[in-house]
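Peer 1: Let the hints inform the model, and build the full structure from the sequences given.
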Amino acid sequence: FTNENVKLFTYNSLRSATSDFHPSNRIGAGGFGVVYRGVLRDGTQVAIKKLSAESKQGSNEFLTEIDMISNIRHTNLVELIGCCEYLENNSLASVLLSSRSKHIALDWPTRAAICLGTTSAVAFLHYEAVLHIVHRDIKASNILLDGNFHPKIGDFRLAKLFPDNVTHISTRVAGTFGYLALEYTLLGQLTKKADVYSFGVLLLEIISGKSSSKAAFGVEFMLLLEWTWKLKEEDRLLDIVDPELSQYPEEEFCDSSRATNRKEFTLLHYAVQGSHLEVIKALLEKGTSG
1 FTNENVKLFT YNSLRSATSD FHPSNRIGAG GFGVVYRGVL RDGTQVAIKK LSAESKQGSN
61 EFLTEIDMIS NIRHTNLVEL IGCCEYLENN SLASVLLSSR SKHIALDWPT RAAICLGTTS
121 AVAFLHYEAV LHIVHRDIKA SNILLDGNFH PKIGDFRLAK LFPDNVTHIS TRVAGTFGYL
181 ALEYTLLGQL TKKADVYSFG VLLLEIISGK SSSKAAFGVE FMLLLEWTWK LKEEDRLLDI
241 VDPELSQYPE EEFCDSSRAT NRKEFTLLHY AVQGSHLEVI KALLEKGTSG
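Going by UniProt numbering, the sequence shown opens with residue 1, and the numbers climb by one from there.
Because the hints were derived from the structure by calculation, they are not lab data.
Please read these numbers as outputs of a predicted model, since none were measured by experiment.
The beta-carbon is built from N, C-alpha and C at its ideal position, and this holds for glycine as well.
Any given hint might turn out to be false.
Here are the computed lysine to aspartate or glutamate pairs in the DMTMM-like style, where the Cα-Cα straight-line distance is at most 20 Å [claimed, not checked]:
(1) 50 <-> 88
(2) 7 <-> 107
(3) 50 <-> 67
(4) 7 <-> 67
(5) 160 <-> 61
(6) 230 <-> 242
(7) 50 <-> 79
(8) 210 <-> 107
(9) 160 <-> 128
(10) 160 <-> 65
(11) 7 <-> 65
(12) 160 <-> 67
(13) 193 <-> 183
(14) 160 <-> 183
(15) 210 <-> 164
(16) 193 <-> 164
(17) 160 <-> 79
(18) 50 <-> 65
(19) 210 <-> 226
(20) 160 <-> 146
(21) 193 <-> 128
(22) 50 <-> 20
(23) 232 <-> 242
Pair by pair, the computed Cβ-Cβ distance ranges are [as the list claims (entries may be wrong)]:
(24) 229 <-> 79: 36 to 46 Å
(25) 226 <-> 130: 13 to 23 Å
(26) 81 <-> 185: 28 to 38 Å
(27) 233 <-> 11: 48 to 58 Å
(28) 8 <-> 188: 35 to 45 Å
(29) 41 <-> 186: 44 to 54 Å
(30) 10 <-> 146: 20 to 30 Å
(31) 229 <-> 128: 29 to 39 Å
(32) 22 <-> 167: 45 to 55 Å
(33) 67 <-> 183: 20 to 30 Å
Peer 2: What follows is the structure, given as structure tokens:
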């Protein structure tokens with residue numbers, strides 16, 4: 001594998017950076033293998049993704065991910081330097097949705113900034129990258145947070161290039177339960193709106209502090225989105241707001257000129273700067289309008 005944008009590290013240098021892949025440096029795991037915290041010789045903290053022999057992500061898929069993310073740069077996207085830069089606060093899922101031992105209280109300005117940064121990154125992938133990209137797996141565990149809680153989207157193993165001259169791509173359905181758009185799930189027709197839908201679910205998680213894929217609400221054991229619709233119908237929409245968010249702004253939407261000018265993201269981009277109720281209403285109204 002050769003790519004001028006990727007610095008190649010020797011295996012021994014990565015072993016050294018992770019203290020021989022010591023268990024204490026293990027910060028995540030999945031179908032692909034294990035992610036380790038490491039420190040390079042120059043002091044740079046990095047995250048090292050080690051593909052296991054039993055990995056569900058094949059070597060070709062792994063190389064495709066490297067090739068794709070090595071050619072894009074954005075302040076809210078994880079940078080590939082040969083291995084992905086280390087984000088001190090792990091993932092949004094770990095901080096917001098995990099057990100109390102890892103939980104960090106996030107106020108509304110911090111959560112709003114995470115929403116805005118994520119929106120900016122997805123809009124960049126969809127419209128501004130040299131080759132337009134649909135991520136296909138926007139979710140809390142793929143939103144990594146640096147020391148200042150600035151978000152960076154990671155994990156491009158499911159990403160697809162999206163040419164300008166097509167309306168959709170027919171492909172096998174891939175992604176995470178709870179974040180998948182219905183039309184994509186049923187028809188296998190991938191559009192940029194699949195990422196928009198996933199981001200909408202992510203926004204509900206950020207507002208509620210609850211997981212979309214794991215939590216069940218009420219006697220009906222509904223998913224987060226279903227529960228949100230039920231609360232809306234009962235005129236109890238603010239019940240979804242995380243109890244930790246006792247203080248939040250009540251002002252109306254801010255000037256939309258600060259938002260991205262892309263149609264699919266304009267509403268959500270500036271909605272998160274308004275009150276909680278306006279955010280949720282905007283999200284639901286966007287969902288009904290398609």
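Peer 1: For each hint, tell me whether it holds in the structure or not.
Peer 2: Now the hints, each set against the structure:
1. 50 <-> 88: 19 Å, holds
2. 7 <-> 107: 37 Å, violated
3. 50 <-> 67: 16 Å, holds
4. 7 <-> 67: 12 Å, holds
5. 160 <-> 61: 11 Å, holds
6. 230 <-> 242: Judged against 20 Å, a Cα distance of about 17 Å means the pair holds.
7. 50 <-> 79: Holds. Residue 50 to residue 79 sits at ~17 Å (cutoff 20 Å).
8. 210 <-> 107: Holds: residue 210 and residue 107 sit about 15 Å apart, inside 20 Å.
9. 160 <-> 128: With Cα atoms ~15 Å apart, residue 160 and residue 128 stay inside 20 Å; holds.
10. 160 <-> 65: 10 Å, holds
11. 7 <-> 65: 15 Å, holds
12. 160 <-> 67: Holds, at about 12 Å.
13. 193 <-> 183: OK: residue 193 and residue 183 at ~10 Å, within 20 Å.
14. 160 <-> 183: 17 Å, holds
15. 210 <-> 164: Given that 20 Å is the threshold and the Cα spacing comes to 36 Å, the pair is violated.
16. 193 <-> 164: 14 Å, holds
17. 160 <-> 79: 18 Å, holds
18. 50 <-> 65: 13 Å, holds
19. 210 <-> 226: 13 Å, holds
20. 160 <-> 146: 26 Å, violated
21. 193 <-> 128: Cα-Cα ~16 Å, so holds.
22. 50 <-> 20: Holds, because 12 Å separates the two Cα atoms, which is no more than 20 Å.
23. 232 <-> 242: 16 Å, holds
24. 229 <-> 79: 36 to 46 Å: 38 Å, holds
25. 226 <-> 130: 13 to 23 Å: This hint is violated: roughly 39 Å between Cβ atoms.
26. 81 <-> 185: 28 to 38 Å: 35 Å, holds
27. 233 <-> 11: 48 to 58 Å: 57 Å, holds
28. 8 <-> 188: 35 to 45 Å: Check passed, 37 Å falls within 35 to 45 Å.
29. 41 <-> 186: 44 to 54 Å: 51 Å, holds
30. 10 <-> 146: 20 to 30 Å: 27 Å, holds
31. 229 <-> 128: 29 to 39 Å: 33 Å, holds
32. 22 <-> 167: 45 to 55 Å: Distance hint for residue 22, residue 167 holds at roughly 49 Å.
33. 67 <-> 183: 20 to 30 Å: Holds: the Cβ-Cβ distance is about 29 Å, inside 20 to 30 Å.
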